[in-house]
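Protein chains: 2
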Amino acid sequence: MTTRILHHFTLDPASRYARLVLGEKRIAFGEAIVRYWEPNPAFEALNPSGLTPVLVVGDLAERLVLCESHAIAGWAEDVVPDPPLLPRALQDRAEMRRLVQWFERKFDFEVNALLLHEKMEKRLLGLGSPDTNAVRAGREALRNHLRYMDTLLAERDWLACSRLTLADFAAAAHLSVYDYFAEVPWADFPACKTWYMKLKSRPCFRPLLSDRQPGMAPSSYYHDLDF
Amino acid sequence: MTTRILHHFTLDPASRYARLVLGEKRIAFGEAIVRYWEPNPAFEALNPSGLTPVLVVGDLAERLVLCESHAIAGWAEDVVPDPPLLPRALQDRAEMRRLVQWFERKFDFEVNALLLHEKMEKRLLGLGSPDTNAVRAGREALRNHLRYMDTLLAERDWLACSRLTLADFAAAAHLSVYDYFAEVPWADFPACKTWYMKLKSRPCFRPLLSDRQPGMAPSSYYHDLDF
Numbered sequence: 002m003t004t005r006i007l008h009h010f011t012l013d014p015a016s017r018y019a020r021l022v023l024g025e026k027r028i029a030f031g032e033a034i035v036r037y038w039e040p041n042p043a044f045e046a047l048n049p050s051g052l053t054p055v056l057v058v059g060d061l062a063e064r065l066v067l068c069e070s071h072a073i074a075g076w077a078e079d080v081v082p083d084p085p086l087l088p089r090a091l092q093d094r095a096e097m098r099r100l101v102q103w104f105e106r107k108f109d110f111e112v113n114a115l116l117l118h119e120k121m122e123k124r125l126l127g128l129g130s131p132d133t134n135a136v137r138a139g140r141e142a143l144r145n146h147l148r149y150m151d152t153l154l155a156e157r158d159w160l161a162c163s164r165l166t167l168a169d170f171a172a173a174a175h176l177s178v179y180d181y182f183a184e185v186p187w188a189d190f191p192a193c194k195t196w197y198m199k200l201k202s203r204p205c206f207r208p209l210l211s212d213r214q215p216g217m218a219p220s221s222y223y224h225d226l227d228f
Numbered sequence: 002m003t004t005r006i007l008h009h010f011t012l013d014p015a016s017r018y019a020r021l022v023l024g025e026k027r028i029a030f031g032e033a034i035v036r037y038w039e040p041n042p043a044f045e046a047l048n049p050s051g052l053t054p055v056l057v058v059g060d061l062a063e064r065l066v067l068c069e070s071h072a073i074a075g076w077a078e079d080v081v082p083d084p085p086l087l088p089r090a091l092q093d094r095a096e097m098r099r100l101v102q103w104f105e106r107k108f109d110f111e112v113n114a115l116l117l118h119e120k121m122e123k124r125l126l127g128l129g130s131p132d133t134n135a136v137r138a139g140r141e142a143l144r145n146h147l148r149y150m151d152t153l154l155a156e157r158d159w160l161a162c163s164r165l166t167l168a169d170f171a172a173a174a175h176l177s178v179y180d181y182f183a184e185v186p187w188a189d190f191p192a193c194k195t196w197y198m199k200l201k202s203r204p205c206f207r208p209l210l211s212d213r214q215p216g217m218a219p220s221s222y223y224h225d226l227d228f
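Chains as they are written, first to last, in our numbering: chain A, 2 to 228; chain B, 2 to 228.
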């Protein structure tokens, strides 16, 4: 049997995206937690960028090292095409790719760089207490993104089209971290809430719901399927 | 005949990546230059993120809007599979995807955020003269990336494997902007230089070499195939 080890950090959105995609594809894997903000030569030997996640498939005799989300999600789609997470129609593929990149490029810059940095990274790195203005700006940016998602989800069953795609997992990976920190105002965005409830009840989501980062308690409803 | 219009900015690395991939696939397109740093409701109607590039295929009756680099490169590979820019072997695919993401995630954060911001964005936005320390840090980061690429290219014909892939165009798109600003110390990285000469002499590169941004003259050797 092929061994597979995912090197990741529990509250890292990119890592969560990989875990959700692998889970949905029913690709089993062992785990190694990477404290990515600390020097780690062994991990950098796997991925010279030093960034999570990394999936190692096989052993030293025949090893495939999949560095970061595109290599992992692309490989998962290549080797386990069913269920397909890349839609067939050109229009749907375009929309899915746009939205995956939206979270990597726009959401990361506008929300994570402020809110995730203040709420999580500063604590992990020992950089002191959150800056109130940065938290406020990050919350406002998060609301803008939720508002935009709500308009998309008012017209579609899933984020990119009528079927579940990688875009849903990219979005849910990010939002699930803010849900851990009780930062998602679900009540104000009903279409997002319905969509997130559907995702949260999928088997692939279960491992994420039992994540607990020492010193950072999750929101009281973080693991509830009915929130 | 289907019309195709690429909305892009000449010195934007993501836009250059799309132009190179479309050029290599011999997919003809018209151009609309987007000054992405200015408010532009018509462009935001095409791409709500406001980010370049965007390729519009067809007319209003049947229009496909491809927002940003993954949607454009993925579509190009889907509709014009030959020449393939996504390799077949799992190992090569993994390496290509890792490197494309390297430039989007690590190079962008470590180099563009400093050096491109100081050399180009500040001038476009009228934010004053470059900060000497930021320029120095950006140059040092660029050297680190070139050093890493040099070690890869010492062992391979192309960046990800023995064949030309999307990773080469992602890397060349970024470096070509710094080459415009005479910021690439080619002489110190011979394997990178050989690789870039090979790319620069391809037909897909020609349109980039005639780019001229008003008020920003290119390096004296920017358009030379022998530099």
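Where hints are given, some of them may not hold.
If several chains are the same, the list does not tell them apart, and a pair holds so long as it fits within one copy or across any two.
Stated by the list, open to error - Within a straight-line C-alpha distance of at most 25 Å, the following computed DMTMM-like cross-link-like pairs (lysine to aspartate or glutamate) qualify:
1. Lys123 - Asp79
2. Lys107 - Asp13
3. Lys107 - Asp227
4. Lys194 - Glu141
Since the hints were made in silico from the structure, they are not lab data.
Hints and how they fare:
Proximity of Lys123 and Asp79 under a CA criterion of 25 Å is satisfied in neither setting, with 37 Å inside one chain copy and 42 Å between copies. Within a single copy, Lys107 and Asp13 get their C-alpha atoms as close as 16 Å, and across copies as close as 16 Å, so both meet the 25 Å cut-off. When the C-alpha separation of Lys107 and Asp227 is checked against a cutoff of 25 Å, the pair qualifies neither within a copy, at 29 Å, nor between copies, at 38 Å. For the identical chains of this complex, Lys194 and Glu141 are intra-copy neighbours only, at 18 Å inside a copy versus 45 Å across copies, given an alpha-carbon limit of 25 Å.
Going down the numbered hints, you'll see the structure goes against 1, 3, while the others check out.
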